[in-house]
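> In order, the protein sequence lines correspond to chains A and B.
So for the first sequence, the numbering used here puts the first residue at 1; every next one is plus one.
So for the second sequence, the numbering used here puts the first residue at 1; every next one is plus one.
Because the hints were derived from the structure by calculation, they are not lab data.
Being a predicted model, the structure only gives us computed values, none of them experimental.
It is possible that some hints are incorrect.
[Stated by the list, open to error] Straight-line distance between alpha carbons at most 25 Å, and here's what the computed SDA-like set of lysine to any residue pairs gives:
| # | chain 1 | residue 1 | chain 2 | residue 2 |
| --- | --- | --- | --- | --- |
| 1 | B | K51 | A | A172 |
| 2 | B | K40 | A | P61 |
| 3 | A | K38 | B | V11 |
| 4 | A | K30 | B | H58 |
| 5 | B | K51 | A | S9 |
| 6 | A | K32 | B | K51 |
| 7 | B | K40 | A | P59 |
| 8 | B | K4 | A | A172 |
[To be verified] Below, a sample of chain B positions facing chain A; criterion: calculated Cβ distance under 7 Å:
| # | residue |
| --- | --- |
| 9 | A29 |
| 10 | A42 |
| 11 | F69 |
We treat Cβ as the ideally placed atom computed from N, Cα and C, and that holds for glycine.
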Amino acid sequence: MHIPDGYLSPQTAVPFIAVMVPIWSTAIKKVKQRLRKKDVPVLSIGAAFSFTIMMFNLPMPGGSSAHAAGAVLLAILLGPWAACLGVSVALIIQALIFGDGGILAIGANCFNMAFIMPMIGYYVYKLVKGSADESSGRALLAAAIAGYIGLNAAALVTALEFGSQYHLFRAADGTPLYFMYPIKVAVGAMMAEHLILAGPVEGLITVLGLRFVASTHPELLSEQKHSKLYGNKEAANHV
Amino acid sequence: MFNKHRYLWLVLGVFIVLSPLGLIASGTAFGEWGVDQLEKEAGFIPAGLAKMADLWHHAPLPGYGISGFSDSLMQSAAGYIISALVGVVLVAGIMLLFSKVVKD
């Protein structure tokens, strides 16, 4: 899902960097205001976890590959804005140090995997979980659905971004200037892979991660319950 | 810092060691083909894409490997583990800097 340089026109890639600037500054502001010092190691581990999980390429029928991203788990644990910062840093390191994803495309890649994915995932989780307990079966089901939908939302937006290039930018001889397949092909290929295989893996990782944190660090989840008990609408350690 | 969350760091360590499993999928993800693969994939290389593809060529560990050290699966696996370790140290290190600006 890491768009390389050249797949998006500069006219598409640059505006996405511009869109990410206010998103990043909001995320930094929220993290500075609301995250507490004791939660920073969890955010750091979560961001590094997201980095490594993206290295686990899953073989796809037809010879392609795809991967999960871990962004929804981070959003459930610390909130979507904290997840946005953590996954953005992972994506920027992947582009600069490992050449995975473009430099000019960094805005689009962060928009897809560090903004759309944790935001959609977080609110799907809240919606499905409702008022159920953080460690209930319903919460685990909510986490699975949130991971699945979050990753697929990111895949869809990615496919629309590069697929649209085929229709928008042509060379003088009529050949596509950037991405070379129509939007239908891009959406079809991306969604088939993520709906059938990578999405369920993301859902599974989100559930297993949540269960693991619930058993090793119950305080991370109980704080959310605690703040709810005392009428604070948003969880204390959520950003 | 490490002791309080030792189980989470431990899982991260396991992920680093297991990262070469990501090499099982040898195919390139849809829409991530390199210029060298495009000819085969699409039959041509779009002109604008060709111009921009090499925008950043300073990645020290390109494709999560060490240049010239990927002849065997063992070498690729070693490169992958080193890359995972470097990535984790950089990403976690940068995020830990936030403890300087957040409240207690």
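> Which numbered hints turn out to be false for this structure?
As far as the earlier hints go, 4, 6, 8, 11 are violated by this structure, in ascending order.
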